[in-house]
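Peer 1: Sequence:
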Amino acid sequence: MKNLGNLMKQAQDMQRKMGELQTKMQEMEVSGSSGGGMVEVVINGKGELRRLNIDKSIVDPEDKEMLEDLIVAAFNDAKMKAEQAMQEEMQEVTGGLKLPPGMNLPF
1 MKNLGNLMKQ AQDMQRKMGE LQTKMQEMEV SGSSGGGMVE VVINGKGELR
51 RLNIDKSIVD PEDKEMLEDL IVAAFNDAKM KAEQAMQEEM QEVTGGLKLP
101 PGMNLPF
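Counting from 1, one number per residue, gives the positions in the sequence shown under full-length UniProt numbering.
Please note that a few of the clues may not be correct.
To be verified - List time: in silico DSS-like cross-link candidates among lysine-lysine, alpha-carbon distance up to 25 angstroms:
(1) Lys-24 - Lys-46
(2) Lys-56 - Lys-17
(3) Lys-56 - Lys-79
Unchecked claim - Ranges of calculated distance between the beta carbons of each label pair, as one might list FRET restraints:
(4) Gly-19 - Met-80: 20 to 28 angstroms
(5) Met-14 - Glu-62: 52 to 60 angstroms
(6) Lys-9 - Asp-55: 15 to 23 angstroms
(7) Lys-46 - Ala-73: 29 to 37 angstroms
(8) Lys-56 - Glu-27: 24 to 32 angstroms
(9) Gln-91 - Ser-31: 20 to 28 angstroms
(10) Glu-65 - Ala-85: 13 to 21 angstroms
(11) Gln-12 - Glu-65: 47 to 55 angstroms
(12) Asp-13 - Lys-64: 22 to 30 angstroms
Hints listed in this document are in silico derivations from the structure and should not be mistaken for laboratory results.
Where a beta carbon is used, it is the ideal one built from N, C-alpha and C, also for glycine.
Take the sequences, apply the hints, and build the full model.
Peer 2: Right under this line is the structure:
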């Protein structure tokens, strides 16, 4: 029974750490850019867009598709960085334990 008690304590500790991680990810800000820094986005660790900055020199009403592509690229850059940060944080929470494929966490 001693092992079961330890297992329950570890599960409770991991649950607490996961809650802390969720809060940390929501508060975290990650930036991404494209076009040599002409477009910058800032998202939180959950992938929610916080800020968007577009250098006015690239705003061309005749070429809106380019601007749209740059915004998408900057967002994807930030999203990739946020996902990497989340994976690093998860390794700390789980002690390096790999989660089974398809087991996604709520962030």
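Peer 1: Does Lys-79 lie within 25 angstroms of Lys-56 when you go C-alpha to C-alpha?
Peer 2: holds (24 angstroms)
Peer 1: So the hint says 29 to 37 angstroms: do the beta-carbon atoms of Lys-46 and Ala-73 match that?
Peer 2: violated (20 angstroms)
Peer 1: Tell me if the beta carbons of Glu-65 and Ala-85 are separated by a distance inside 13 to 21 angstroms.
Peer 2: violated (31 angstroms)
Peer 1: Take the C-beta atom of Gly-19 and the C-beta atom of Met-80, compute their distance, and say whether it sits inside 20 to 28 angstroms.
Peer 2: holds (25 angstroms)
Peer 1: Verify the proposed pairing of Lys-56 with Lys-17, using a straight-line Cα cut of 25 angstroms.
Peer 2: violated (43 angstroms)
Peer 1: Between Lys-56 and Glu-27, is the Cβ distance one that fits in 24 to 32 angstroms?
Peer 2: Distance hint for Lys-56, Glu-27 holds at roughly 30 angstroms.
Peer 1: Is it true that Gln-12 and Glu-65 lie within 47 to 55 angstroms of each other by Cβ?
Peer 2: holds (52 angstroms)
Peer 1: For the pair Gln-91 and Ser-31, does the Cβ-Cβ distance stay inside 20 to 28 angstroms?
Peer 2: Holds, at about 23 angstroms.
Peer 1: Just to be sure I understand the hint, the distance between the Cβ atoms of Met-14 and Glu-62 should be within 52 to 60 angstroms; is that true here?
Peer 2: holds (54 angstroms)
Peer 1: Indicate whether the distance between the beta carbons of Asp-13 and Lys-64 respects the range 22 to 30 angstroms.
Peer 2: For Asp-13 and Lys-64 the Cβ distance comes to about 51 angstroms; the hint is violated.
Peer 1: Assuming the hint says 15 to 23 angstroms, is it satisfied by the Cβ distance from Lys-9 to Asp-55 or not?
Peer 2: violated (53 angstroms)
Peer 1: Within a Cα-Cα threshold of 25 angstroms, do Lys-24 and Lys-46 meet the stated pairing?
Peer 2: holds (10 angstroms)
Hint check: violations occur at hints 2, 6, 7, 10, 12; the rest are consistent with the structure.
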